[in-house]
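Engineer: So the chains spell out like this:
Protein chains: 2
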Amino acid sequence: MTAENELLTMYWDNECLYMLDQRLLPHRVEYLACRKYPEVAGAIRDMAVRGAPAIGIAAAFGMAIAAYEGLAKGYDQPQMQAHLTGAAKELFKSRPTAVNLAWALERLNRWLSDNAGLPPQETAAGLLLEAEKIYAEDLANNRLLGINGAALVPDGSCILTHCNAGALATGGYGTALGVVRAAVEEGKDVHVYIDETRPLLQGARLTAFEMIHENIPATLITDNCAGYLMKQGKIDLILVGADRIAANGDVANKIGTYALAVMAAYHAIPFYVAAPLSTIDLTLPSGEEIVIEERSPEEVLYCGGQALAPEGINVYSPAFDVTPAGLIKAIITEKGVVYSPDQEKLYKLFAKG
Amino acid sequence: MTAENELLTMYWDNECLYMLDQRLLPHRVEYLACRKYPEVAGAIRDMAVRGAPAIGIAAAFGMAIAAYEGLAKGYDQPQMQAHLTGAAKELFKSRPTAVNLAWALERLNRWLSDNAGLPPQETAAGLLLEAEKIYAEDLANNRLLGINGAALVPDGSCILTHCNAGALATGGYGTALGVVRAAVEEGKDVHVYIDETRPLLQGARLTAFEMIHENIPATLITDNCAGYLMKQGKIDLILVGADRIAANGDVANKIGTYALAVMAAYHAIPFYVAAPLSTIDLTLPSGEEIVIEERSPEEVLYCGGQALAPEGINVYSPAFDVTPAGLIKAIITEKGVVYSPDQEKLYKLFAKG
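Read top to bottom, the protein sequences are chains A and B.
When the first sequence is numbered by the numbering used here, its final residue is 353 and no position is left out of the sequence of numbers.
When the second sequence is numbered by the numbering used here, its final residue is 353 and no position is left out of the sequence of numbers.
Mixed in with the good hints there might be a few duds.
The list makes no distinction among identical chains, and a pair is therefore deemed to hold if it is satisfied within one copy or across any two copies.
Claimed, not checked - Below 27 Å or equal to it, Euclidean Cα-Cα: the simulated DSS-like pairs (lysine-lysine) are:
| id | residue 1 | residue 2 |
| --- | --- | --- |
| 1 | K345 | K231 |
| 2 | K348 | K133 |
| 3 | K133 | K352 |
| 4 | K329 | K348 |
No wet-lab data here; the hints were simulated from the structure.
Nothing here was measured: the structure is a model prediction, and the numbers come from that model.
Let's have the full structure, built from the sequences with the hints guiding it.
Structural biologist: Structure, rendered in structure tokens:
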């Protein structure tokens with residue numbers, strides 16, 4: 001698998017994980033080569049790779065890298081075990097909010113305990129296979145999710161989106177943008193309004209990039225403009241992704257999402273969250289319990305190395321906010337669409353075959 | 001009057017208007033010297049000077065400059081008259097939304113028709129005096145407005161503000177920030193949350209600069225963060241300025257203001273607009289009739305010369321939006337506070353001695 005023909009979020013080649021450095025987009029397409037698991041943790045922390053499903057996949061490959069590191073060092077089975085436990089802990093700490101990270105690591109840890117006696121070589125091969133499965137399943141789930149969501153997109157719709165919940169945030173295709181892609185594949189006309197999404201401009205840099213790449217009509221706006229578009233009746237529906245969904249349907253997503261949901265309710269515009277089941281965390285009763293990451297002031301204070309504000313000003317920069325389930329018309333998943341999400345419906349979704 | 005000790009938005013010296021180039025703040029303090037009225041129109045259009053009251057004052061001085069240009073060219077009275085008519089037209093066109101521009105030019109035109117027979121020298125001196133009056137009155141009105149507004153600011157308040165409605169947007173002291181200053185002068189503790197205000201970052205560049213300059217505790221946030229702060233109960237009141245207020249109390253202000261007002265209503269947070277009477281346009285029945293300026297895509301696409309988005313993406317960038325009167329708890333003016341503003345109350349305000 002190489003990145004020559006298609007822009008892949010990441011790919012594995014010869015015991016190395018190549019990750020598209022999304023901080024350089026849309027200007028440069030460069031892949032970071034990670035041969036040690038702390039490099040993967042660093043790439044997640046510094047947001048070379050971002051998007052809840054994508055960082056889950058990256059963490060899974062990070063475990064495979066750790067295993068191949070252990071192999072190269074000639075670790076025996078107990079040494080390998082200790083080494084992998086350390087790797088899982090470090091990868092887990094790289095970012096706190098997106099649950100897919102914990103979900104992927106837990107899945108690999110489960111595989112490890114189910115296969116505790118295996119020799120190091122087979123452990124490494126097994127972890128790699130499991131990571132590749134997570135990657136492939138994410139892509140397949142996004143396609144299913146896209147089909148489920150496309151039914152909610154009327155022909156001729158203007159769709160507002162925030163941040164990047166696209167191919168670049170996932171194993172490919174995307175969640176919110178997967179729904180857009182599926183609607184377009186069904187022959188529907190759509191127009192996407194893209195919130196630029198300060199501070200890191202994932203909308204301007206990544207979503208705009210994906211829309212141009214796919215020839216989907218789109219317009220970039222500042223985050224300040226979204227409410228005014230709704231007031232003018234220019235938005236038919238809002239589609240966003242999610243970083244963690246609590247058992248009651250509360251959604252943590254990129255900062256600014258909550259305000260969009262309130263504005264959507266005020267203007268009676270349907271507000272949809274598109275996310276795979278790996279983003280739903282049934283262990284948390286509500287959004288109140290979701291840890292919200294605070295990012296460095298520098299991300300607000302500088303843009304392209306240039307200072308935007310005077311020296312000495314305080315900054316508050318949470319990366320995410322929580323949107324209460326009551327403001328969400330439906331959560332779109334690979335297993336179906338959950339209207340007016342609540343704990344009962346989300347539990348049922350997991351029980352579904 | 002010089003800029004040596006105090007940071008003045010603009011000052012007049014020896015037939016020249018020196019305007020603080022606000023595009024360079026907070027990094028460089030430089031004054032643009034305007035000796036021809038088209039330079040003043042250009043400075044308004046390109047936002048070297050911005051803020052509704054400040055551009056009204058600048059336009060008034062632009063007329064004085066035009067008169068001194070005419071004098072230097074040895075124009076007789078009819079030539080001067082024609083020259084000033086042309087100048088007023090060009091200055092009027094420089095920006096469409098802020099009514100203070102039209103208000104100031106109308107006041108000078110009225111002075112001109114009241115003093116139609118005067119020789120050119122006296123016309124120039126008279127226009128300059130009128131411009132200086134507008135400047136001084138704006139400052140005085142902001143101080144009155146500040147005192148009126150400070151009564152609405154409880155001790156210990158956290159105040160959210162958008163864009164820059166400060167000294168730099170006016171003849172000095174400021175409207176929304178004038179209220180903050182007056183509250184601080186009364187000994188109240190306040191904390192100001194500053195929306196950075198994309199695309200031109202007047203909050204990050206100018207409001208943060210003013211708060212640091214005055215030692216008023218403040219925190220800079222992205223525009224995306226405002227709603228989340230309200231949800232957390234961290235905002236006690238919202239204070240913004242205005243670019244034009246219609247007769248029914250609808251307010252045009254910096255893009256993003258409307259969303260804040262909707263969010264404020266949702267969270268039951270008082271939303272106040274601080275503006276002098278020169279911002280109220282009784283000729284417009286409602287905000288529907290306010291012309292909203294669209295700015296160049298480059299302001300969204302570039303930051304400090306660096307491209308933020310991929311080439312070829314469409315951009316929509318209205319400079320302002322309109323907040324319906326129903327979302328505004330009160331308009332704070334130099335003549336008093338108008339709760340639940342409507343046409344009757346605003347007419348009464350003008351009639352007040």
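Engineer: Now, for every hint given, state plainly whether the structure supports it.
Structural biologist: Comparing the hints with the structure gives:
1. K345 <-> K231: between (32 Å within a copy, 26 Å between copies)
2. K348 <-> K133: Classified as within; 24 Å inside a copy, 72 Å across copies.
3. K133 <-> K352: For K133 and K352, only the intra-copy Cα distance (21 Å) is at most 27 Å; the inter-copy one is 75 Å.
4. K329 <-> K348: within (18 Å within a copy, 45 Å between copies)
Comparing the model with each earlier hint shows no violations; every hint is respected.
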